[in-house]
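The numbering used here numbers the first residue of the sequence shown as 287 and each following residue consecutively.
Hints listed in this document are in silico derivations from the structure and should not be mistaken for laboratory results.
On a predicted model such as this, the values are computed, not experimentally measured, just so you know.
Ideal Cβ placement from N, Cα and C applies to all residues, glycine included.
There's no promise every hint is true.
What the hints assert, rightly or not - What follows is a set of in silico ranges between Cβ atoms, one per label pair, in the way DEER data are often shown:
#1 LEU411 to MET287: 29 to 35 Å
#2 GLU502 to GLY367: 25 to 31 Å
#3 HIS336 to ARG447: 32 to 38 Å
#4 GLU308 to ASP515: 31 to 37 Å
#5 ASP512 to GLY379: 17 to 23 Å
#6 GLU502 to ASP310: 36 to 42 Å
#7 GLY397 to ASP341: 15 to 21 Å
#8 VAL382 to GLU308: 15 to 21 Å
#9 ALA418 to ARG304: 32 to 38 Å
#10 ALA433 to LEU316: 42 to 48 Å
#11 GLY453 to GLY371: 32 to 38 Å
#12 ASP341 to GLY371: 41 to 47 Å
#13 ASP515 to ASP438: 35 to 41 Å
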Amino acid sequence: MSDDCIFCSIVAGDIPARTVHETDSVLAFLDANPLARGHTLVIPKSHAQHVGDLDADLASDLFDAVAALTPRIEEAVDADGANVGVNDGEAAGQEVPHVHIHVVPRFEGDGGAPIHAVAGARPDLSDDELDAVADEVAADLRAAGLAVAYDDSGSIGRRYRRQDEVGTPFCVTVDRDGIEGDGPDTVTLRERDSAAQVRIPVADLAAELTALREGEPFAAVADPYDAVDTDVETAGN
């Protein structure tokens, strides 16, 4: 724990909070300055400033908790949906230097906006710039000990079919929809056997692929993340 971290003080019991869920590794409590009824923060009990600082087990515990809590929070306040997000770093608006996931219930006609509205204008990236981002993601995965084959030839549908034919179990796609600011924020992760896809934060990618390699079912890994409409082909690499 960190002595000067307000969330660590909440975990230690030195600062009171309205706790809604607790396990050995995760704590969830109502935001003291809520954006909506039921606005909840889900945090790891161990101090970690950024999502990328979480080890695989703690990341799994944290996002499993988010997946379990979100529908319960929606039901408790009779919400029509929820925004789930992380401010990771100062540029993203992080104020408390301890990873925390916001679950903000949403209601029809509440006047709010989707998560896409939090960033500025999307960068107008050239194909070469998009390729460079994809190269960086591939290099990071290789550094994490994962085998990576990079394919940038033809449409995304053709690439998926080629990889399916050679038996590649999972495909990662870097696209313009997932890029905000100076680097990739999210990518799509696709399972060959089901053709199911989810949009996943790049910071989680290596840990989740490692879990898949070790036998974790794709449905369990995919559960905390937004599904991608597989009827719509996405341009990218």
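Taking the hints in turn, this is what the structure says about them:
no.	hint	in the structure
1	LEU411 to MET287: 29 to 35 Å	40 Å, violated
2	GLU502 to GLY367: 25 to 31 Å	27 Å, holds
3	HIS336 to ARG447: 32 to 38 Å	37 Å, holds
4	GLU308 to ASP515: 31 to 37 Å	36 Å, holds
5	ASP512 to GLY379: 17 to 23 Å	20 Å, holds
6	GLU502 to ASP310: 36 to 42 Å	20 Å, violated
7	GLY397 to ASP341: 15 to 21 Å	39 Å, violated
8	VAL382 to GLU308: 15 to 21 Å	18 Å, holds
9	ALA418 to ARG304: 32 to 38 Å	45 Å, violated
10	ALA433 to LEU316: 42 to 48 Å	43 Å, holds
11	GLY453 to GLY371: 32 to 38 Å	35 Å, holds
12	ASP341 to GLY371: 41 to 47 Å	21 Å, violated
13	ASP515 to ASP438: 35 to 41 Å	23 Å, violated
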